[in-house]
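Number of protein chains: 2
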Amino acid sequence: MILDNITEEINKANNIVILTHETPDGDAIGSSLALYGALKATGKKADVIIPEYPQVFSFLPWYEEIKKESKEEKYDLAISLDCSDIKRLNGFAEYFENAKTKIVIDHHGSNTMFGDYNYVNPNSPATCEILISVFEYMGIEVNKGIGTCLATGIITDTGGFRHSTVKPETFEFTAELLNKGVNISSIYRRVLQIISMKQFEIRRIALNRMEFLEDGKIAFTYITKQEQEEMNLQTGDHEGIVEFGRDVEGVEVSIFLRELPEGGYKASFRSNEYVNVSDVCLMFGGGGHPKAAGCTILLPLEQAKEKLISQTKMYLK
Amino acid sequence: MILDNITEEINKANNIVILTHETPDGDAIGSSLALYGALKATGKKADVIIPEYPQVFSFLPWYEEIKKESKEEKYDLAISLDCSDIKRLNGFAEYFENAKTKIVIDHHGSNTMFGDYNYVNPNSPATCEILISVFEYMGIEVNKGIGTCLATGIITDTGGFRHSTVKPETFEFTAELLNKGVNISSIYRRVLQIISMKQFEIRRIALNRMEFLEDGKIAFTYITKQEQEEMNLQTGDHEGIVEFGRDVEGVEVSIFLRELPEGGYKASFRSNEYVNVSDVCLMFGGGGHPKAAGCTILLPLEQAKEKLISQTKMYLK
Numbered sequence: 000m001i002l003d004n005i006t007e008e009i010n011k012a013n014n015i016v017i018l019t020h021e022t023p024d025g026d027a028i029g030s031s032l033a034l035y036g037a038l039k040a041t042g043k044k045a046d047v048i049i050p051e052y053p054q055v056f057s058f059l060p061w062y063e064e065i066k067k068e069s070k071e072e073k074y075d076l077a078i079s080l081d082c083s084d085i086k087r088l089n090g091f092a093e094y095f096e097n098a099k100t101k102i103v104i105d106h107h108g109s110n111t112m113f114g115d116y117n118y119v120n121p122n123s124p125a126t127c128e129i130l131i132s133v134f135e136y137m138g139i140e141v142n143k144g145i146g147t148c149l150a151t152g153i154i155t156d157t158g159g160f161r162h163s164t165v166k167p168e169t170f171e172f173t174a175e176l177l178n179k180g181v182n183i184s185s186i187y188r189r190v191l192q193i194i195s196m197k198q199f200e201i202r203r204i205a206l207n208r209m210e211f212l213e214d215g216k217i218a219f220t221y222i223t224k225q226e227q228e229e230m231n232l233q234t235g236d237h238e239g240i241v242e243f244g245r246d247v248e249g250v251e252v253s254i255f256l257r258e259l260p261e262g263g264y265k266a267s268f269r270s271n272e273y274v275n276v277s278d279v280c281l282m283f284g285g286g287g288h289p290k291a292a293g294c295t296i297l298l299p300l301e302q303a304k305e306k307l308i309s310q311t312k313m314y315l316k
Numbered sequence: 000m001i002l003d004n005i006t007e008e009i010n011k012a013n014n015i016v017i018l019t020h021e022t023p024d025g026d027a028i029g030s031s032l033a034l035y036g037a038l039k040a041t042g043k044k045a046d047v048i049i050p051e052y053p054q055v056f057s058f059l060p061w062y063e064e065i066k067k068e069s070k071e072e073k074y075d076l077a078i079s080l081d082c083s084d085i086k087r088l089n090g091f092a093e094y095f096e097n098a099k100t101k102i103v104i105d106h107h108g109s110n111t112m113f114g115d116y117n118y119v120n121p122n123s124p125a126t127c128e129i130l131i132s133v134f135e136y137m138g139i140e141v142n143k144g145i146g147t148c149l150a151t152g153i154i155t156d157t158g159g160f161r162h163s164t165v166k167p168e169t170f171e172f173t174a175e176l177l178n179k180g181v182n183i184s185s186i187y188r189r190v191l192q193i194i195s196m197k198q199f200e201i202r203r204i205a206l207n208r209m210e211f212l213e214d215g216k217i218a219f220t221y222i223t224k225q226e227q228e229e230m231n232l233q234t235g236d237h238e239g240i241v242e243f244g245r246d247v248e249g250v251e252v253s254i255f256l257r258e259l260p261e262g263g264y265k266a267s268f269r270s271n272e273y274v275n276v277s278d279v280c281l282m283f284g285g286g287g288h289p290k291a292a293g294c295t296i297l298l299p300l301e302q303a304k305e306k307l308i309s310q311t312k313m314y315l316k
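Residue numbers (numbering that gives the first Met the number 0), protein chains in the order written: chain A, 0 to 316; chain B, 0 to 316.
The set of hints was computed from the structure by calculation and includes no laboratory data. Treat the hints with caution; some may be incorrect.
Copies of the same chain are indistinguishable here, so a pair counts whether it falls within one copy or spans any two.
[What the hints assert, rightly or not] Here are the simulated lysine-lysine pairs, DSS-like style, with alpha carbons at most 27 angstroms apart:
#, residue 1, residue 2
1, K312, K197
2, K166, K179
3, K306, K11
4, K265, K197
5, K197, K316
6, K306, K224
7, K99, K143
8, K216, K306
If we strip away everything but chain A, and leave its shape as in the complex, we get (with noise of 0.2 angstroms):
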């Protein structure tokens, strides 16, 4: 059994490195951390390597401790944890490929099983949720600050236990952290709840000007880059405003243009029903999720819009 490899492995290993994916969200993050503050419990050394990461997690235990890099020649084991792709693990796949063995734990479907051993499970709403299973068999408690580390993860990745991915395990996992005296109320308000007064800016500029196309099926606004330079914006500072256009009642499809340093724009799209965007965003040269996608799009803004509504248009019904 593949849990028997990775606790053989894990087991003998001297020194282990743990990867995810580049702009960690809060499951990269926190399944890293817990990962790290289980092994250290056993005794064991490791790196949790992590070039660039936003500072909303800086409240998770071990934080301080994540590397941006590391002198490691060669680690006797890698972990990959919440990557779906060996590409994604952007400038640090190299501690990846020169590890003895190679471990992937995840839960994306599109995973391409690019470790030796691949504990992979789509069904799962976050990779900290598989975490669980694994320190279960490792024998490994689950103390309060690996607790805090994978309920961030698991908050994040079900919007807040809003997503339908949530099954009754969650739920039972969830009751036995807060037993174990982890502050539910406070991960969910820091890592959901409160935004900055620049994401407050920048959303409140492109809900000013969202429209609502189509008999209101489609919403659709944008942020310029002289918005985004002259906010200083940052990775992530932007996420949220595709979902205020989803979430209008009658609206199928959101789509929020971002225009890029370089030009043309990034396009997210989240639909609630019935569109595929998709098999919209795939026409771009894009694709993601049946309801979230995106795509760049190297056209002035008029242009840009009017090609990405012509083709969400068709699949309205």
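Chain B: place on chain A using the hints.
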């Protein structure tokens, strides 16, 4: 034990009326319909009387069976759910007062214990969660229909499992509901996520003029009588606006003014960490909870704003 009395009274009653508080929310309607469904399942004759209620809950089982009034002059048993005070039963308090026996089931700490039997638990995040123990005690099985009603109350009163009132039992019970086929994700979406076009428009207006005062510690915004009339806003359409200000980093107090049809303003206050907004509102004849309170102020906008802000400032660190 009180649950013995409640069981006995329900068993011996031939006709039962279920009542809840005015401007009913998800926990009020959810608990009323859950109890209605449960009584019906045990062959009891019951009426749920609610004169006005939001359409957003129309997906609930037995929603069509809610009555706006009743010709019954005297019920054997009246059960008040989720209501802290007989005054809040509003126009239908007479059904309660005229009943032979009166039961109060609630989770408000401020409950005035106005029944013959009062089953009140302020530690419970929702009246729906209290009903679980009632049903269990009475041996009534929580099926998918009853579960859908209970989940609705829990989801709305906990802000989607985010409040610190949520207990391990809340998550454990939700896990059971999922196992019974209750669609938690769909309920969440209907009651917390989707907003109407009118709600979107009024949010946009209020956000557009939101100001951040006192080094960003106070968020302030308002909507006018004219805006509400032009958009034909209904009760509840302005909900959520005050929380936008509260959830911006650095804000301690968020204030939202809604002009009243008769002139003057209804002020809603929310705080994050240390300001007791109930104390602030008390100065203007209002009140509420430490982190959520309100008052009415009969002054023109600029004067109302000035007075409320000056008072709030005194509580800032």
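Hint check results:
Taking the shortest Cα distances, K312 and K197 sit within 27 angstroms of each other only across copies (24 angstroms), while inside one copy they are farther apart (33 angstroms). Taking the shortest alpha-carbon separations for K166 and K179, both the intra-copy value of 20 angstroms and the inter-copy value of 12 angstroms come in at or below 27 angstroms. For a Cα distance limit of 27 angstroms, the shortest separation of K306 from K11 qualifies neither inside one copy, at 56 angstroms, nor across copies, at 69 angstroms. For the identical chains of this complex, K265 and K197 are intra-copy neighbours only, at 20 angstroms inside a copy versus 29 angstroms across copies, given an alpha-carbon limit of 27 angstroms.
Within a single copy, K197 and K316 get their C-alpha atoms only as close as 37 angstroms, which misses the 27 angstroms cut-off; across copies the closest is 23 angstroms, which meets it. For a Cα distance limit of 27 angstroms, the shortest separation of K306 from K224 inside one copy, 20 angstroms, qualifies, whereas the shortest one across copies, 41 angstroms, does not. Neither within a single protomer nor between protomers do K99 and K143 lie at most 27 angstroms apart by alpha-carbon distance, with minima of 32 angstroms and 51 angstroms respectively. In the homo-oligomer, the alpha carbons of K216 and K306 lie at most 27 angstroms apart inside one protomer (16 angstroms), although the nearest pairing across protomers, at 43 angstroms, exceeds that limit.
Hints 3, 7, counting from the list given before, are not met by this structure.
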